[in-house]
Every structure is written in C-alpha cells, then in structure tokens.
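Full structure from sequences and hints, please.
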Amino acid sequence: MTDPISERELNALQRRLQSLCGRTEQAAADELAAFTGTSVIRGESRLRSLPAADLGQALAALGNERLFSGVVQAYQLEISPLFAMTVVTEESIADLSQLVSMPCSSGGETAELLFRLSEVLTESSLPLLARGLDVAHHCFWGDAGLLALHAPLERYQLHGIGREELLLTVECNYQLEAHPFNCDLLLVLPSAVQQLLVR
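In this note's numbering, the protein residues as written are 604 to 802.
Fair warning: there could be bad hints in the mix.
Cβ pair distances, simulated, as ranges [claimed, not checked]:
#, residue 1, residue 2, range
1, Arg669, Ser700, 12 to 20 Å
2, Ser700, Gly748, 14 to 22 Å
3, Glu612, Ser709, 42 to 50 Å
4, Ser727, Leu749, 36 to 44 Å
5, Ser704, Glu612, 45 to 53 Å
6, Gly640, Ala754, 38 to 46 Å
7, Gly748, Arg669, 20 to 28 Å
8, Gly745, Gly659, 36 to 44 Å
9, Ala781, Glu612, 40 to 48 Å
10, Arg669, Ala781, 15 to 23 Å
11, His740, Arg611, 26 to 34 Å
12, Leu702, Asp737, 33 to 41 Å
I should point out that these hints are in silico values taken from the structure, not numbers from a laboratory.
Built from N, CA and C at the ideal position, the CB exists for glycine as well.
In structure tokens form, the structure reads like this:
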C-alpha cells in the first residue's frame with residue numbers, strides 16, 4: 604500500500620487545493636442556488652488523507668449513524684478518474700423534491716432526483732477544477748451510479764478504487780437557508796490524481 608501522505612505533503616496539497624476547490628465549491632453552490640431558487644449556505648471544505656478501505660468508516664463518522672442516500676459521478680482527469688460523491692440526509696430528499704417539483708415517492712424517482720442533484724453540483728464545478736489543474740483538454744465524464752438509498756453511510760462502496768489505494772478527500776457541506784436540506788459533496792482523489800497537484 605502507498606505510504607500515507609506526510610503532514611508536510613498534506614499541507615502543500617491543501618494550499619493548492621484551497622484555491623482550486625474554493626472556486627469549484629462556489630460554482631457548485633451557485634448552481635444549487637439557481638436549481639432550488641433559494642440561498643445556499645456553503646460550509647468550509649475539509650481535506651483528509653486515508654486508505655480507500657477506510658472510506659466507508661470515515662463517511663459513517665460524518666453521519667452519526669443516520670440514514671443517507673447518495674450517488675457518485677466519475678470524472679476522468681488525464682490519467683485517473685476522480686469521484687464526486689453527492690450524499691444527502693433523509694430530510695433533504697422530500698425538501699428538495701418540493702423545491703424543484705420532482706417526485707420522490709418510489710426508489711426510482713428518488714434515484715432520479717439524486718442524479719439530477721449530482722449533475723447540478725458537478726456539471727460546472729468539475730470542469731472548473733480540471734482547468735485549474737491544466738488538464739481540461741484531457742477530461743471526460745465517466746459513469747454515474749447509485750451509492751445507496753436510505754442506508755447508513757458505512758455501507759457505501761466506491762467501485763473503481765482499490766481497497767489498498769491511498770485517497771485524498773475534499774468534503775464540502777451545502778445547506779439551504781430556512782430549509783432542512785443538508786448535502787455533502789465529497790471529491791475523492793486517488794493517488795494518480797494527486798500527482799497532478801504537485802507537478
């Protein structure tokens with residue numbers, strides 16, 4: 604397994620990501636505001652380094668054992684995909700459904716709503732990140748998939764990443780003013796993508 608990122612290396616990556624992800628996360632917030640017609644409260648991003656095998660456990664720690672639903676969008680960055688995980692609380696689904704007039708009474712309808720939310724959060728932000736990494740001409744959209752519906756976060760599995768691989772994750776929380784909506788956008792960067800940050 605790749606050795607964990609040292610504190611010095613993590614600080615260097617964090618400085619690079621702070622500039623890139625600040626613009627990326629704001630672009631996602633702007634798109635979410637336009638989609639819902641409400642004001643968006645964007646939390647501060649959080650950067651972590653962890654083995655892929657620990658991803659589910661790390662997510663579970665965020666959720667305090669509550670049930671969540673989520674989807675994942677792959678985005679190819681030159682030599683390796685990054686993964687954008689959109690995860691929402693149970694209360695968020697009905698709230699978002701009413702705001703954007705999309706039904707959520709069945710599993711299929713809920714999945715469609717989540718895929719649309721993921722598209723809103725990533726369609727501008729991920730290409731913006733690619734431009735910041737100077738790889739915009741070598742990028743394309745990968746598959747989108749359902750992570751889970753109404754399940755604890757520790758059950759989430761991210762296929763396409765080896766369990767022994769070292770990951771860098773960037774998490775940003777989005778809430779809607781005066782609404783119960785609560786969503787996390789988690790960018791998962793495998794080790795190959797991390798090399799783009801330090802070259």
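Query raised in the report: Taking 14 to 22 Å as the hint, is the beta-carbon distance of serine 700 and glycine 748 inside that range?
Result: holds (21 Å)
**Report entry** Consistency of beta-carbon spacing, serine 700 to arginine 669, with hint 12 to 20 Å
**Finding:** holds (19 Å)
Requested in this report: Using the Cβ atoms, figure out if leucine 702 sits within 33 to 41 Å of aspartate 737.
Outcome: Distance hint for leucine 702, aspartate 737 holds at roughly 37 Å.
Query raised in the report: Does the hinted range 20 to 28 Å hold for glycine 748 and arginine 669 at CB?
Result: Between glycine 748 and arginine 669, where Cβ atoms are some 22 Å apart, the hint holds.
Query raised in the report: Between glycine 640 and alanine 754, is the Cβ distance one that fits in 38 to 46 Å?
Result: The hinted range 38 to 46 Å is violated for glycine 640 and alanine 754, with Cβ atoms some 29 Å apart.
**Report entry** Range hint compliance [Cβ, serine 727 to leucine 749, 36 to 44 Å]
**Finding:** violated (22 Å)
Query raised in the report: Are serine 704 and glutamate 612 spaced within 45 to 53 Å by their CB atoms?
Result: Given about 46 Å between the Cβ atoms, the range holds.
Report task. Look at the Cβ atoms of glycine 745 and glycine 659 and judge whether their distance stays inside 36 to 44 Å. Result -> The hinted range 36 to 44 Å is violated for glycine 745 and glycine 659, with Cβ atoms some 21 Å apart.
Query raised in the report: Between alanine 781 and glutamate 612, is the Cβ distance one that fits in 40 to 48 Å?
Result: holds (41 Å)
Query - arginine 669 paired with alanine 781, Cβ distance criterion 15 to 23 Å - result: Because 21 Å falls inside the window, the suggested range holds.
**Report entry** Status of the given 42 to 50 Å range, CB of serine 709 versus CB of glutamate 612
**Finding:** holds (46 Å)
**Report entry** Range agreement (Cβ of arginine 611 with Cβ of histidine 740, hint 26 to 34 Å)
**Finding:** holds (31 Å)
Hint check: violations occur at hints 4, 6, 8; the rest are consistent with the structure.
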